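Asker: What follows is each chain in one-letter form.
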Amino acid sequence: MSDVDVPVGPESSLWERILPPAIFLVAALLLWEGAIRWLAIPRWLLPAPSAILERFFKVRNLWLHTGLTVMEAACGFTLSAVLGIALAAGIAHSRFLERGVFPYVVVSNAIPIIAIIPLLTIWFGFGYAPKIMIAAIISFFPIVTNTTRGFKSADARVLDFMRSINATRWQVFAKVQFPTALPFIFAAFRIASSLSLVGAVVAEFYGSDRGLGFLVITSATQLQTDLLFVAIAVLAVLGVGCFSIFGRIERAYGAYQADHEYQR
Amino acid sequence: MPQQLSLGLGTEAAPAPGIRLLDVGVTFRTPRGSVEAVAGASLEIGEGEFLALLGPTGCGKSTLLRVIGDLTDPSRGRVEVRGGAAHAARQRNEFGFVFQEPALLSWRSALENVRLPLEVVGYPADRRTARGEELLGLVGLLGFKDAFPHELSGGMKQRVAIVRALAWGPSILLMDEPFSALDELTRTRLQEDLLALWAVEHKTIVFVTHNISEAVYLADRIAVMSPRPGRIAAVLPVTLPRPRQPEMRDTMEFLAHVHEAREALGA
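Protein chains in written order, with this note's numbering: chain A, -5 to 258; chain B, 243 to 509.
In case anyone wonders, no lab produced these hints; they're calculated from the structure. Each statement offered as a hint is correct.
In silico DSS-like links for lysine-lysine, alpha-carbon gap of 30 Å or less:
#1 A/169 <-> B/387
#2 B/387 <-> A/146
#3 A/146 <-> A/169
Note that the structure is a prediction, hence the values are computed from the model and not measured.
If we strip away everything but chain A, and leave its shape as in the complex, we get:
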């Protein structure tokens, strides 16, 4: 009956966790820098880290481009989070919706969303709207499927108990199903937030004059490879940032969820 005692080891310090990967990062960068110099690789083919860093401080409007892409991704993500959770709640509560809509949500994941960017551009022009829509569409699927699973994974005994005390549907949802689904929702957010960034960037490849996607495309076509690396580096940091923020929230909440297994 007693719970298993987990031996509590000494908490590894921040330093201990950060030092090993930092060593490898620095080593890799030094190797890269050295290789470029010894082998005299041209800058347009592969710029040295120092050249990329130098370029980083010289890009005009880098923060404008970044801000724009982040804004598009965030709007798309938020849209998709609100609509996706609402739809998942509907699917979890209605057989009709589940049978009628859920198959399409699943099938839509198999469609290469990127292919509809030109269509959205025809309909909505070259502004932010098509980018936001792509970011929303691409992050919609993981949110709906994961959240639906979350709502449906509520403990059958707890649901029986709620029924035995005449809980209303709303009470069951608010007190049992929604809290049960929260870790699933955070897991979905973690995946969807990076996807929305991908959606916004790819949408910017096509028909735009600003944003990190625009920066990537123009620097590549002009063989400004150092600028291309700057854009990629910023995107990498943003993606990792999204992932770790939601991962952190998920773990903080997951501490209470020892009994539940959920989708990664």
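Starting from the structure of chain A, add chain B where the hints point.
Answerer: Frame of chain A; chain B shown alone:
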């Protein structure tokens, strides 16, 4: 001197017979055909009585309990609770359910778990915490009121589940093998706790179990069920005096009851 506990909200109507099962049958339709789980069970359970529903695994005793609590509809027959339909009794929040698994909410502390039904049935908001603490105190868990389920042992979790089912003052406690997942020592302790609680909060208890000595030790009467499809094979009164004491388990009288129940089970 046990502390007098506040009863719930308007559940102390009155009338005579507690629970009556009238030829209750339950048939489940499955893809492989229909399965008769309960076949014509009739039984009367008195107000304030402790009745054990004893039977082998899969005899439909849990199904019968769910029918009493209006969680499963009978295929035929009916259940009357205090003269009305079981459904009406559920609408009045007269049933407190305890399952084999504690089924606590993992993100709520022990106290918050006990508060859950109080929030649902509309118990006065300013008295919920006090009521929860009072109940946790009765089962010796006041010191653990802020602990989360994963920090509690199996026995502690089941204690929380039991007081959760009592919180708003339902008149009937429906218990579905509540101690069968616990080890022997813990089970014995919880049996004592349950009898002590029952002495304070005098409920009608229907207690499903497959453990013969548990049924004898706890109950006023034992309804013995036959294997599937379940029917009431015998109703045996337990004449052991109350309050029950652990020493009674070794008396001839106790063993005679155990023997009698085992005979009725046909085991």
